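Undergrad: Once you've looked at the hints, dock chain R with the ligands against the given chain L.
Each chain, written out:
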Amino acid sequence: MGKVYTVAEADAAIVAESLEKTYYKGSFPRRTPAVKALRGLSFKVRRGEVYGLLGPNGAGKTTTVKIISTLMVPDSGEAYVSGYNVVSEFAEVRKRIGVMLSVERGFFWKLTGRENLRYFGLLYGLSGRELEERIDSSLETVGLRELGGGSKFFEDMSLGMRARLGLARVLLRDPEIMILDEPTLGLDPHSARHIRRLLRLEARNGKTVLVTTHNMFEAEILCDRVGIIRSGRVIAEGTPGELKGLVSRSTPITVLLKTFDEPSLQELVARLSRDDVRVDYERVEPGKWRLSLLVPRGLEDEVLAEVYVKARALSLKVLETRVREVTLEDVFIALTGGDTGKVG
Amino acid sequence: MTSIRNIMSAEIRAQFYWLKNNKVMMVMTLLWPYLMVFIMISFGSAFGSLEEFKEKMGVASPILYLFAGSAVATASISVIDNAAGVATWHRWLGTLPYVLLVPRRFVTYLLVSSLVTSLVQVTFNLASIAPAVVVLEGASAGFQLLLVLGFMFIGTLPLLGIALLGGIASLLASEESDIINFLNPLILLLSGVFYPVKILPWILEQASYYIPTKYVVDAAKLAATYTYPPGSTVIIILYALVLLAVLYNVIGVSSTIYAERELRRRGVR
Ligand SMILES: Nc1ncnc2c1ncn2[C@@H]1O[C@H](COP(=O)(O)OP(=O)(O)OP(=O)(O)O)[C@@H](O)[C@H]1O
Ligand SMILES: [Mg+2]
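Protein chains in written order, with our numbering: chain L, 1 to 344; chain R, 1001 to 1269.
Pulled out of the complex, with its shape left as it was, chain L reads as follows (with noise of 0.2 angstroms):
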C-alpha cells in the first residue's frame, strides 16, 4: 500500500524526492554513461492546482514526466502520486493519471479521433454507454466535437485538433491528475490559449495539474506553483510572484538596438556584463536587437549611462530604452544565467 503520510505531505497529489536518472548510449555490450539527465531532482505539487515545470530545452522536463507517470524507473530517488510509489505500484498510479507527451504525435494516423478515443478508453478499462459517454463529453470539453474532430482521420487534423484531442484522450477516464508534456508546443496563440484556458478550468473543478513548458509567459499565466528546473535540478520553486520576488532587488531594463553588425552586439553584451548585471539579446527584426538587463536597484541611471557609452564606441545605435516590471522571464534569466532556452 501506500507510504505514511506526514501532515505535510497530506495535500501532495505528486510528491519526487531526488530523483536522479542517467541516459545510456551505443548498444547492448558497450553501454556507456551519455547525459546525467537529473540530478537529484525534487518538487511537490498539491492537489488542485497546477504546478509547471518550467526549463530550456534539455533541462530534464520530458525525463521528470515520464518517471512520474510510470513510464520510467529513476536510478534513484523516489516518486508518488496520490500516495502511490511510481515504481513499485504502477498499475495504482495508472488508474489515477491522464498523460500526454506530445502534441503531434500518439494516435493511429488512419483511424478518426473518435476511433481512437474509443480504442484507448477501451484500454483504459471504458466500456458501452459510459464509454460513448466519455467520448463525447470530452471531444465537447476540449471543443472538437464542433470542428468536427470525432469523424477527422488523426493524419488530417491540424496540430491544434491534435492537441485538443490528447487532451480528450487525458480526460477519458476522468482522472484525478493530468500529466502533460509541452501542451502547447508548435500551437498557434489561439488554439495554445485555449488549452491553457481548459487546463485552468480543470483545475478549478478539482483535478491537479502537472505541465512542463519552456515558455515563461504561460509558466506565468497558467500555473498556481512553478518550479524552474535547470540540468536535471529544482533551482527555484514558488507561485510566480514569489518567484519575481527573488529578483525584487533587481529592474529590468529593456534596450533597442539599430544594428547590422552583430559581433559589435555581442561586444556590447559582453562589455556591459559583470558580476551584478545580467545581459540577454535577441533579434526583433532584421536590423532591430532588443538588449535585456538586469541591474541592481539604484544603478539604474549609472547602467542606461554606460550602455549609450559603450554602443556609441561600437558605433550601434540606441533606439529606445525602457525600465519594465520583472516579469517570470527576467527570474529566469537571472536564475539560469541568460541560458533562457529560446535557441537550440
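Calculated directly from the structure, the hints in this document are not laboratory data. A quick note: this is a predicted structure, and the numbers were derived from the prediction, not measured.
With a cut-off of at most 30 angstroms between alpha-carbon atoms, the simulated DSSO-like pairs for lysine-lysine come out as follows:
# : chain 1 : residue 1 : chain 2 : residue 2
1 : R       : Lys1020   : L       : Lys110
2 : L       : Lys152    : L       : Lys110
3 : R       : Lys1023   : L       : Lys110
4 : R       : Lys1023   : L       : Lys152
5 : R       : Lys1020   : L       : Lys152
From the derived model, a few chain R residues whose C-beta atoms are all more than 10 angstroms from chain L:
#  : residue
6  : Ile1041
7  : Ser1042
8  : Ser1049
9  : Glu1052
10 : Gly1058
11 : Ile1063
12 : Asp1081
13 : Val1135
14 : Ser1140
15 : Gly1142
16 : Ile1154
17 : Pro1196
18 : Val1197
19 : Thr1227
20 : Tyr1258
Just a few of them, taken from the derived set where beta-carbon distance is under 10 angstroms, the chain R residues facing chain L:
#  : residue
21 : Met1008
22 : Leu1093
23 : Gly1094
24 : Leu1096
25 : Pro1097
26 : Arg1105
Cβ coordinates follow ideal geometry from the N, Cα and C atoms, glycine included.
TA: Relative to the frame of chain L, chain R with the ligands by itself:
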C-alpha cells in the same frame, strides 16, 4: 484494472476500423493468398507436372493442397507480422507510451492484442481462399479447409511465442532494424510448404521440427489426402503444436517481462 475482454474488444475494433479505412489494403489482403498459390505453382512446376507435384508432396488432391497450403503460408506470415509487429508498430506511431499506460502488465496487453489480431487475420486468410476451393473441389473440400483452419488456430499459439520474442528483440534493439522480416522467410523455408522438408540439408530438416508452421502444413497435406485423416497422425500433430506452444510462450513471455523492465529503465519512447 482493464479486463482482458476490453483489450480484445479494443484490438478487434482497431483492426476493423483499419480495414474499413484502408479499402485497397483490404482487397490486397483478400487477394494475397491467391498470389501465394501462384508462387507455389511456380515452385511446384519445378518438379514437373501436377502429377509429379502430387507424388513429391504426398497428397491426393494437389489443388486443395495448393490452396490450403497457400492460406497456411500467408496466415503464418500474418501471425508473425501482426504479433511481432505490434510493439514496433506502436513505437513508430508514437502510441507505445499510451499502450503501456494501460493498468496491466505489458506482456498481458501484447499477448491478448496479438492473439486477437492474429486469429482475425488467420480467419481472413483462410476465408478468402474458401470460395476458390469450394468452386474447384466441391463443398466437401470446404469442410477440409475448415479442418485446416482449426489446425492453423492451434498453430497460431506457438507462432505467437516466436513472434513475441521477435517483437521484443526489435523493440530492445531500438534501431529501426526489423528482425521480423528475417523471421518470416526463415519460417517459410523450414515449413516445407513449397517443397517436402526432406529435400533440405540434414541440419535444416532437423530445425524444421521446431517450426510450428511445418505441422500445420502437414495437417493441410492430411486434409488434402483423406476425408477422415488417421487419428494417430492428427494426435501427433496436435501434440507437437501444443508442446511448441508451451516452449515458445514460456520463452516469449519471460523475455517480454524482462523487456518491460528494461524498457521502463530506458524510458518508453
Ligand atoms: N533516450 C535518451 N537517450 C539519451 N539521452 C537522452 C534521451 N532522452 C533525453 N536525453 C537527454 O537528457 C537530457 C534531458 O532530456 P529531456 O528530454 O528530459 O529534456 P527536456 O527538458 O524535456 O527538453 P526539451 O525542452 O528539449 O523537450 C537532454 O540532454 C537530452 O538530450
Ligand atoms: Mg521535452
